[in-house]
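Enquirer: Just need the whole structure built from these sequences, with the hints factored in.
2 protein chains.
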Amino acid sequence: MGDEVNGSEIFKEFKEYSVVEFFKKNRQMLGFAGKVRSLTTIVHEYTTNSLDACEEAGILPEIAVKVEDLPDGHTKVTIQDNGPGIPPSHLGKAMGMMLAGTKFHRYMQQRGQQGIGGAGCTLFSQITTGKPTRMRSGLGDGKVYECDMKIDVKSNQPLISNQVEYLGNFRGLRIEAEFADVNYDKSEHGVYEYLKRTAMANPHAQITLIEPTGEKHVFQRASDRIPEKPVEIQPHPLGITTGDLVDIAHRTDSRKLSSFLCNTFSRMSSAKADELAKLVPTVNFDKNPKDLKWSEAEAIVNAIKTLKWIAPPTDALRPIGPDQIEKALRNILSPEFVSVSERKPKVFRGGVPFMVEAAIAYGGNAGRTNSEGERSGDITRYANRVPLMFDGGSCAITEAVKNIDWKRYDIREFDKEPVTVFANFVSVHVPYTGTGKQAITTEEEIVDEIRYAIMKVARDMQVYLRGKIREMDKETKKKIIMRYVKELSMDLSDLAGDSTPQEIEKKLVEMVETKYERIEGSAEEAEKVEEAKEEVGEGEEDEKEEE
Amino acid sequence: MGDEVNGSEIFKEFKEYSVVEFFKKNRQMLGFAGKVRSLTTIVHEYTTNSLDACEEAGILPEIAVKVEDLPDGHTKVTIQDNGPGIPPSHLGKAMGMMLAGTKFHRYMQQRGQQGIGGAGCTLFSQITTGKPTRMRSGLGDGKVYECDMKIDVKSNQPLISNQVEYLGNFRGLRIEAEFADVNYDKSEHGVYEYLKRTAMANPHAQITLIEPTGEKHVFQRASDRIPEKPVEIQPHPLGITTGDLVDIAHRTDSRKLSSFLCNTFSRMSSAKADELAKLVPTVNFDKNPKDLKWSEAEAIVNAIKTLKWIAPPTDALRPIGPDQIEKALRNILSPEFVSVSERKPKVFRGGVPFMVEAAIAYGGNAGRTNSEGERSGDITRYANRVPLMFDGGSCAITEAVKNIDWKRYDIREFDKEPVTVFANFVSVHVPYTGTGKQAITTEEEIVDEIRYAIMKVARDMQVYLRGKIREMDKETKKKIIMRYVKELSMDLSDLAGDSTPQEIEKKLVEMVETKYERIEGSAEEAEKVEEAKEEVGEGEEDEKEEE
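Chains A and B, in that order, give the protein sequences.
Under this note's numbering, the first residue of the first sequence is numbered 178, with each subsequent residue one higher.
Under this note's numbering, the first residue of the second sequence is numbered 178, with each subsequent residue one higher.
One thing to keep in mind: the hints can contain errors.
Copies of the same chain are indistinguishable here, so a pair counts whether it falls within one copy or spans any two.
Claimed, not checked - Okay, derived cross-link-like pairs now, DSSO-like style, lysine-lysine, Cα gap no bigger than 30 Å in a straight line:
{"id": "1", "residue 1": "K253", "residue 2": "K327"}
{"id": "2", "residue 1": "K393", "residue 2": "K202"}
{"id": "3", "residue 1": "K470", "residue 2": "K331"}
{"id": "4", "residue 1": "K192", "residue 2": "K482"}
{"id": "5", "residue 1": "K327", "residue 2": "K202"}
{"id": "6", "residue 1": "K202", "residue 2": "K467"}
{"id": "7", "residue 1": "K202", "residue 2": "K482"}
{"id": "8", "residue 1": "K189", "residue 2": "K393"}
{"id": "9", "residue 1": "K253", "residue 2": "K470"}
{"id": "10", "residue 1": "K645", "residue 2": "K320"}
{"id": "11", "residue 1": "K579", "residue 2": "K593"}
{"id": "12", "residue 1": "K504", "residue 2": "K683"}
{"id": "13", "residue 1": "K449", "residue 2": "K202"}
{"id": "14", "residue 1": "K331", "residue 2": "K189"}
{"id": "15", "residue 1": "K579", "residue 2": "K373"}
{"id": "16", "residue 1": "K455", "residue 2": "K645"}
{"id": "17", "residue 1": "K308", "residue 2": "K192"}
{"id": "18", "residue 1": "K579", "residue 2": "K192"}
{"id": "19", "residue 1": "K482", "residue 2": "K455"}
{"id": "20", "residue 1": "K645", "residue 2": "K202"}
{"id": "21", "residue 1": "K523", "residue 2": "K449"}
{"id": "22", "residue 1": "K504", "residue 2": "K584"}
{"id": "23", "residue 1": "K523", "residue 2": "K212"}
{"id": "24", "residue 1": "K467", "residue 2": "K482"}
{"id": "25", "residue 1": "K320", "residue 2": "K212"}
{"id": "26", "residue 1": "K433", "residue 2": "K192"}
{"id": "27", "residue 1": "K393", "residue 2": "K645"}
{"id": "28", "residue 1": "K363", "residue 2": "K656"}
{"id": "29", "residue 1": "K331", "residue 2": "K363"}
If you're looking for bench data, these hints aren't it; they were derived computationally from the structure.
Expert: Here is the structure:
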């Protein structure tokens, strides 16, 4: 044991470090891994911030992204929006400090939620090129503010230089930053694809991309309807943990536990609070919430789970909407068939409201071309309208697609059919698996809900596919009948005497066509064919009589 | 535009928050998602800390884990090791503060590296049960320290209470904590499986588990050899980014750029530094490193990439070793066939040294039973001997297995064969995709290296499988020959007269058996069979003569 090292010896190395140092060393956790992915992450962070800001400010977004290759091998990214801008007083902390922002603590639906992304880009520029990020912000009040920004890695504080303020009409945010270790390409994980998918889920946004070649792509605004502003909501009783309840109770201004519960939680009427009080007689509901003990809070949380609750209010959730999804899918994939389903809002972890929109597209350009050049099933994942481009393997949406027995929907192998499954997870809190925000955690209630939404549209697709087969069957039958039409009309013409066979043939063809235009190929239809034949027969007789 | 909200209005909501608040809201990022996974994460964080501490202190680890279901639905986890302990002065920050520790800033191979895990467990206990974590630490100096610990969520500082110090012989760390929202089960993602896999990759550790049922499992120490202590290494020139070079240069005590380079980086001889100086004539290598500009550093980093370098020193990497891996796989899977490969150390991102150990096991209990009850290929992933149990879909090891064309190795479908692929990624810095540390980022050079290691053992397996087929062919031939042995011996006996047919049959069987015992089924062998037949024939004649 002579070789053993003492614990005190080891702990001489003990150090504290900042969250910036942490992410500097673990940059892949912010999505900065791989040259193509890193560039997509940069554009993703900036555009989600722009879209969120416009949505909150009630502005129809116009976003321009420009990517340039510089002679020294660096890549310059410029992004400009027409959003509300960031006040100069907050710009530093918004873009040059991690764990700070307007979104983290608010219980409302937004694309960003972590207060890391923007500052992460500033950090990534600085650690790969040593350069600051140039910012321009205008609130639309006739003044424009510009500055250079870096992050102090040790203290997690913004370092601002070259500030200027001048008069001008610019409203919005413009960011100009240089990066090394990134690469522009048009692969399925690149910036072009990312913006295309963003446009699909945000038809109210006008997005322009200028590629390093100078080529310009405009993803046109398809809808002038400004999405409803996101609203903050009260937490639902079923979503609350004991820890949260204690925390909120100790911070509240309410004087009585019962009124605190009613004021704080959605769907908590005074009748419900009374019901709850009866279930936990050991807790005095008149007590000051600041004195709520852990064991009391735990008893309340357990009692909450035994009661029935109205689902959380749906008005805080902002789905894309079935019409917009269908329009986008038809527009981009030109499929034979599309079906969209929108599930009712549900809760996960007991009480975080969420809802799932799913769609399926079949045929046309649906699906993707796999590495062997064959058509293969594709999964298009979104969370709050943000395309999820990476880490699909560990995402709840992928898991849901995998858990479906596709044979039951007449899809022999998902990987071998021209089918695109689209799913958008909508929530005030998206439980991402990592800070890179590319995959939704595979919790059972989430996976199940996504699965149900997809199963609904898969059933619609199955009806379509079966109809198509029936249609093909009918088509075959029609061809057989048609084959006899000519012969029949000759015979009829013979019988009729003065009638030309061409006219009779035309009439017969018309009748058959009319019959097969209708989608339903039922027994009733078959009867009508019989009727039609009888009519022809009658006509025959009429003509005979005239003879 | 009357409905638009002003930027100043929105930024009234701007707030800063602590890293603890961040992980409290995003607990899934620490691996606390799902009841089974959360419990595995807890045991994982505690045991990796114990194994690291023992390794650094040169102690053969003995770790005891106990999981108990409490009457109130909580789960109690107790873990005790015989490690070096944590000095009372540091215990608070080690287990009650995030982003602090002995590992983050040191360039050496360890299981933990982030300084979040232990404090993450303290936080998870506190937010699910409101209770503190009980700690006992002894450095082996006759004194024992105990305390209760929580984290102050707002300030990321430890909250310590009920401290006692007393005399005693305890050396090591003992942690007792209660959790809600966790569940013990024996699934492939549970604690039992996690500890079994840990034991596989750490044969020097003795690990005991007591399940909630009271059942006790001992994973016996299989090797008394204490692994070599991890050592800190100098960074390799190829791994350095411009940002790192500027940072280190500005902090160094060296007075000249040239000596700074030689003192700081591995494989940087003064001859190499001279070579470098010639490549970047614009930079004065006699200048004070504190004055190194970004553009100069960038020029040096670019020049470094054009030179040839000796690979980083391998002595800092601590692989498990082929013998230990083979022993472990044979022990746990009882396979027909095992092959282990250990690749030479390589670098990723230009200069972080890493190496890959891979193994393949075929037959026996290799592979896994899939949901349809069929035998299926299995991937056992490790990073620095730590089993990776979750998020396999986005891991470099899984990616490497997927990228292999298994048909080339006579495996028609990986998912349908009794085969286990084992891979251990060994590095001073494991690039995990997330804070949950369950998947290695899929960077090309990493995936490729893992793939090569697996392809090597796959080739060995192919040789084995082909041999087996040849063996089966031979077996078939042997059976055919044997079918005629009886008949032949009767005939020979008839011809020989005094010889009993049993004796002749015995001789013939012996001859055939001897021939087929040999593994090589070559043309030479076939000739020997012919020879053997001739001998029999000769014997026949001899006997005839005697007649």
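Enquirer: How would you classify K455 and K645 at a CA-CA limit of 30 Å: within, between, both, or neither?
Expert: neither (59 Å within a copy, 73 Å between copies)
Enquirer: Could you place K523 and K212 in one of the four classes (within, between, both, neither) given a Cα distance threshold of 30 Å?
Expert: Only across copies: K523 and K212 sit 20 Å apart there, 38 Å inside one copy, limit 30 Å.
Enquirer: At most 30 Å between alpha carbons: which applies to K331 and K363, within, between, both or neither?
Expert: Neither: 37 Å inside a copy, 44 Å across copies.
Enquirer: At 30 Å max between alpha carbons, let me know whether K331 reaches K189 within a copy, between copies, both or neither.
Expert: Both: 20 Å inside a copy, 27 Å across copies.
Enquirer: From the Cα coordinates, with 30 Å as the cut-off, is the pair K393 and K645 best called within, between, both, or neither?
Expert: This pair counts as neither: shortest intra-copy Cα distance 40 Å, inter-copy 61 Å.
Enquirer: Treating 30 Å as the Cα threshold, decide for K449 and K202: within, between, both or neither.
Expert: between (50 Å within a copy, 27 Å between copies)
Enquirer: Tell me, please, which holds for K579 and K192 at an alpha-carbon limit of 30 Å: within, between, both or neither?
Expert: neither (44 Å within a copy, 40 Å between copies)
Enquirer: Classify it for me, K482 with K455: is the Cα-Cα distance of at most 30 Å met within a copy, between copies, both or neither?
Expert: within (14 Å within a copy, 73 Å between copies)
Enquirer: Is it within, between, both or neither when you check K470 against K331 at 30 Å Cα-Cα?
Expert: For K470 and K331, only the inter-copy Cα distance (20 Å) is at most 30 Å; the intra-copy one is 38 Å.
Enquirer: Can you tell me if K579 and K593 fall within 30 Å by alpha carbon in one copy, between copies, both or neither?
Expert: both (14 Å within a copy, 18 Å between copies)
Enquirer: Please sort K467 with K482 into within, between, both or neither, judging by C-alpha distance up to 30 Å.
Expert: within (23 Å within a copy, 62 Å between copies)
Enquirer: Are the CA atoms of K192 and K482 at most 30 Å apart within a copy, between copies, both, or neither?
Expert: Close neither inside one copy (43 Å) nor across copies (32 Å); limit 30 Å.
Violated hints for the displayed structure, listed by number in ascending order: 2, 4, 8, 10, 12, 16, 18, 20, 25, 27, 28, 29.
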